[in-house]
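Build out the structure end to end from the sequences listed, making use of the hints.
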Amino acid sequence: MRVTICESIWYRHNKDGHYVMWFQPTFSLILAAALLYVTFVYLKQQSARERRIKTQRDLPREQLLAHHYTSFVEVENKLWAATAEGARTANWDTARIEFRSAELQLVRKYVRGLQEDFAIGNRIFAVVIGHSAEVKMLRQLEWQRIKIEFPYYVWHRLICFRLWMGQVSPGELRRLTEIVATLAYEVRSMLNVFERGGNVDFVEYLVRKS
Amino acid sequence: MNLSSFQNFLWIVGTALKLLLFALVLARRLYRRLPLFSLYVALVVADDFALRWTYHHFGYTSLAAKYEYWSSLGVVLVARALAVAELCWRGLRNSVWLIASRVLAILAFAILAYGIVEAAKNSSPAITFLLTVERSLDFGIAIILVALLRLGIRYEVWIGGIERRVLLGFSVFSTFQIVNNTFMKQWMMKYFAWWVSASVVSFEVAMLIWIAPLLRPLPPMTASPTLLSEEESVSMLKQVLERMRRIAEEMKRIARSKWK
Chain A
1 MRVTICESIW
11 YRHNKDGHYV
21 MWFQPTFSLI
31 LAAALLYVTF
41 VYLKQQSARE
51 RRIKTQRDLP
61 REQLLAHHYT
71 SFVEVENKLW
81 AATAEGARTA
91 NWDTARIEFR
101 SAELQLVRKY
111 VRGLQEDFAI
121 GNRIFAVVIG
131 HSAEVKMLRQ
141 LEWQRIKIEF
151 PYYVWHRLIC
161 FRLWMGQVSP
171 GELRRLTEIV
181 ATLAYEVRSM
191 LNVFERGGNV
201 DFVEYLVRKS
Chain B
211 MNLSSFQNFL
221 WIVGTALKLL
231 LFALVLARRL
241 YRRLPLFSLY
251 VALVVADDFA
261 LRWTYHHFGY
271 TSLAAKYEYW
281 SSLGVVLVAR
291 ALAVAELCWR
301 GLRNSVWLIA
311 SRVLAILAFA
321 ILAYGIVEAA
331 KNSSPAITFL
341 LTVERSLDFG
351 IAIILVALLR
361 LGIRYEVWIG
371 GIERRVLLGF
381 SVFSTFQIVN
391 NTFMKQWMMK
401 YFAWWVSASV
411 VSFEVAMLIW
421 IAPLLRPLPP
431 MTASPTLLSE
441 EESVSMLKQV
451 LERMRRIAEE
461 MKRIARSKWK
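Protein chains in written order, with the working numbering: chain A, 1 to 210; chain B, 211 to 470.
Derived by calculation from the structure, the hints in this document are not laboratory data.
Please note: incorrect hints may appear among the correct ones.
[Said to hold, decoys possible] In silico DSBU-like links for lysine-lysine, alpha-carbon gap of 30 angstroms or less:
{"#": "1", "chain 1": "A", "residue 1": "Lys78", "chain 2": "A", "residue 2": "Lys44"}
{"#": "2", "chain 1": "B", "residue 1": "Lys448", "chain 2": "A", "residue 2": "Lys136"}
{"#": "3", "chain 1": "A", "residue 1": "Lys78", "chain 2": "A", "residue 2": "Lys136"}
{"#": "4", "chain 1": "A", "residue 1": "Lys147", "chain 2": "B", "residue 2": "Lys462"}
{"#": "5", "chain 1": "B", "residue 1": "Lys448", "chain 2": "A", "residue 2": "Lys147"}
{"#": "6", "chain 1": "B", "residue 1": "Lys462", "chain 2": "A", "residue 2": "Lys136"}
{"#": "7", "chain 1": "A", "residue 1": "Lys78", "chain 2": "B", "residue 2": "Lys462"}
{"#": "8", "chain 1": "A", "residue 1": "Lys54", "chain 2": "A", "residue 2": "Lys136"}
{"#": "9", "chain 1": "B", "residue 1": "Lys462", "chain 2": "A", "residue 2": "Lys109"}
{"#": "10", "chain 1": "A", "residue 1": "Lys209", "chain 2": "B", "residue 2": "Lys448"}
[Said to hold, decoys possible] Which residues of chain A face chain B? A few of them, derived with a C-beta cut under 10 angstroms, are:
{"#": "11", "residue": "Pro25"}
{"#": "12", "residue": "Leu29"}
{"#": "13", "residue": "Ala33"}
{"#": "14", "residue": "Tyr37"}
{"#": "15", "residue": "Gln45"}
{"#": "16", "residue": "Thr83"}
{"#": "17", "residue": "Gln115"}
{"#": "18", "residue": "His131"}
{"#": "19", "residue": "Glu134"}
{"#": "20", "residue": "Met137"}
{"#": "21", "residue": "Leu141"}
{"#": "22", "residue": "Thr182"}
{"#": "23", "residue": "Gly197"}
We treat Cβ as the ideally placed atom computed from N, Cα and C, and that holds for glycine.
Here is the structure:
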C-alpha cells in the first residue's frame with residue numbers, strides 16, 4: 001500500500017526531468033552528512049568544555065584571558081636575530097624569509113598561542129552576544145564579531161600555509177597579532193563594562209565557566 | 211500478506227525497547243523535564259500496540275490497517291516535531307531563542323505549506339499530505355537539528371546530559387530517515403521489506419541511545435541562575451557595542467596613519 005503511494009509520487013516527479021531526480025538525493029546526502037558532522041562536533045566541544053571548566057577552576061584570571069599575543073616583540077626580535085644580515089632589508093614587514101627549523105618551530109608555537117587567544121576571546125564574545133535581548137543588538141554585535149573573525153581566519157590560514165612552505169612573513173605575523181590583540185582588547189573592555197555594572201558573577205561565568 | 215519471521219522479530223524487539231523506554235521515562239520522571247518528549251514516547255508505545263492489534267484482527271493489508279497506520283502516523287509525526295521543538299526551546303531559551311524561534315517558525319510553515327501543496331495535486335490528498343509531511347518533516351527536523359547544533363556551537367550554548375542523548379537519538383534517526391526517504395523511492399523499491407526493516411532498526415538504535423542515560427537516576431533538575439537580566443543586558447550591551455565601535459575606529463585610524 002505504502003509502496004504504491006511512494007511510487008506514484010516518485011513517477012510524477014520523475015516526469016519533471018533530472019532536476020528533482022538528482023537534486024534531492026544530493027541534498028539528502030549533504031544534509032545527512034552535515035547532521036552527523038555537527039552532532040559529532042557539538043558533542044565533542046561540549047565534552048571539551050566540561051574538561052576545561054574542571055581544569056581552569058583554580059587558575060589565576062590572567063591565564064584565562066588572551067595573553068600569548070603579548071610575546072610578539074620577543075618573537076620578532078628572535079627572528080630578526082636569526083635572519084642573515086643580507087636579508088635584513090628596509091622591507092622587513094613585507095619580506096618572506098626562509099628560516100631554519102628552530103625558528104619555524106618558534107613561530108609555530110607562537111601561532112598556536114594566538115589560536116588559543118583567539119579561541120578564548122571568541123568564546124567570551126559568543127556568550128555575551130548570546131545574551132542579547134534584542135535582535136537588532138545581536139545583529140550589530142555579530143557584525144563586529146564577523147569583522148574580526150573573517151580576517152583572523154584568512155591570515156591564520158595564510159601564515160600556516162607559509163609555515164608549511166618553510167617561510168615566515170613578519171608583516172603577516174604582525175597583522176595576525178593585531179587582530180588577536182584587538183579582540184583581546186574588546187573582550188577586556190566588555191568585561192570591564194559588566195564589572196562596573198556590578199555583574200561580577202556574570203564575568204566570573206564568562207571567564208571560568210564559558 | 212503477513213510479516214516475515216525476521217520482521218516479527220524486529221517488531222518484538224522494538225516493542226520491548228519501547229516499553230522499557232516508556233517505563234524508564236515514568237520511573238525517572240522525565241516527563242517533568244521533557245514533557246513533550248515523554249508524550250512522544252507514550253504515543254509511540256500506544257501506536258505500536260494499536261497497530262499490532264489491528265494487524266492481528268484485520269490483517270496487514272486490510273482497510274482498517276491502512277486507516278490506523280496513516281492516522282497514527284500523523285499523530286506521532288506531530289508529537290515528534292513537538293519533541294524537537296521542546297529540545298530547541300530547552301537548549302536555546304537562555305540564549306539565542308530570539309533568532310531561533312523565528313527560524314523554527316519559518317521552517318515549520320514551509321513544511322506545512324509544502325505538504326498542503328503536494329496533497330492538493332494528488333487524488334488521495336489525505337495520505338499524500340501525510341506522506342509528504344512525513345518526508346518534509348524528516349527534512350525539516352534534520353535542518354532544524356543542524357541549525358540548533360550550529361547555533362549551539364556558534365553561541366556556546368550547551369545542554370544537559372539527558373537532552374544531549376535525546377538530541378543524538380533524533381539525529382541518528384533523522385539521518386537514516388532522510389537517506390531512506392530518498393533512496394528507497396529511487397533505487398531500493400525491490401528491497402522494500404529490507405529497507406523498512408533497516409528503518410525500524412534505526413529507530414531501535416535511537417531508542418537504545420535514549421534508554422542508556424535513563425538506566426541511572428537523573429541528576430536533580432536545577433534552574434540555571436539568571437546572570438544577566440534582560441533590562442541589564444540591553445543597557446550593558448549598548449555600552450559594549452559603543453566601545454567596540456570606538457576601538458574599531460581607532461584601529462582604522464592607526465592603520466591609515468601607517469600607510470601615509
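These are the hints, each one checked on the structure:
1. For a cut-off of 30 angstroms, the pair hint linking Lys78 (chain A) to Lys44 (chain A) is broken: about 37 angstroms separates their Cα positions.
2. Restraint check for Lys448 (chain B) and Lys136 (chain A): satisfied, since their Cα atoms lie roughly 11 angstroms apart, inside the 30 angstroms limit.
3. Taking the CA atoms of Lys78 (chain A) and Lys136 (chain A), the gap is near 46 angstroms; set against the 30 angstroms cutoff, the hint is violated.
4. Restraint check: the Cα-Cα separation between Lys147 (chain A) and Lys462 (chain B) comes to about 12 angstroms, which is no more than 30 angstroms; the hinted pair holds.
5. For the given pair, Lys448 (chain B) sits about 18 angstroms from Lys147 (chain A) by alpha-carbon distance, which is consistent with the 30 angstroms threshold.
6. Of the supplied pair hints, the one linking Lys462 (chain B) and Lys136 (chain A) holds, its CA atoms being roughly 24 angstroms apart against a limit of 30 angstroms.
7. Restraint check: the Cα-Cα separation between Lys78 (chain A) and Lys462 (chain B) comes to about 29 angstroms, which is no more than 30 angstroms; the hinted pair holds.
8. Taking the CA atoms of Lys54 (chain A) and Lys136 (chain A), the gap is about 35 angstroms. The hint is violated against a cut of 30 angstroms.
9. Pair hint Lys462 (chain B) plus Lys109 (chain A) holds up; C-alpha atoms about 29 angstroms apart against a cutoff of 30 angstroms.
10. With a C-alpha separation of about 24 angstroms, the suggested pairing of Lys209 (chain A) with Lys448 (chain B) holds against the 30 angstroms cut-off.
11. With a cut of 10 angstroms, the hint placing Pro25 (chain A) at the interface with chain B holds, because the nearest CB-to-CB distance is about 5 angstroms.
12. Annotation: Leu29 (chain A) was flagged as interfacial toward chain B, and the flag holds, the nearest CB pair being 7 angstroms apart, inside 10 angstroms.
13. The closest approach between the C-beta of Ala33 (chain A) and any C-beta of chain B is roughly 8 angstroms, which is under the 10 angstroms cut-off, so the hint is satisfied.
14. Taking 10 angstroms as the C-beta contact cut-off toward chain B, the hint placing Tyr37 (chain A) at the interface holds, the least distance being around 9 angstroms.
15. With a cut of 10 angstroms, the hint placing Gln45 (chain A) at the interface with chain B holds, because the nearest CB-to-CB distance is about 6 angstroms.
16. For the restraint placing Thr83 (chain A) at the interface with chain B, the shortest Cβ-Cβ distance is roughly 22 angstroms, beyond the 10 angstroms limit, so the hint is violated.
17. Because the beta carbon of Gln115 (chain A) sits about 17 angstroms from the nearest beta carbon in chain B, more than 10 angstroms, this interface hint is broken.
18. Using the Cβ-Cβ criterion of 10 angstroms, the hint placing His131 (chain A) at the interface with chain B is satisfied: the shortest such distance is roughly 5 angstroms.
19. The closest approach between the C-beta of Glu134 (chain A) and any C-beta of chain B is roughly 6 angstroms, which is under the 10 angstroms cut-off, so the hint is satisfied.
20. Among the interface hints, the one on Met137 (chain A) holds; its C-beta lies about 5 angstroms from the nearest C-beta in chain B, closer than the 10 angstroms criterion.
21. Proximity of Leu141 (chain A) to chain B holds as hinted, the smallest CB-CB distance being about 6 angstroms (cut-off 10 angstroms).
22. Because the beta carbon of Thr182 (chain A) sits about 6 angstroms from the nearest beta carbon in chain B, less than 10 angstroms, this interface hint is met.
23. Annotation: interface hint on Gly197 (chain A) holds; nearest CB of chain B at approximately 5 angstroms, less than 10 angstroms.
The structure shown violates the earlier hints numbered 1, 3, 8, 16 and 17.
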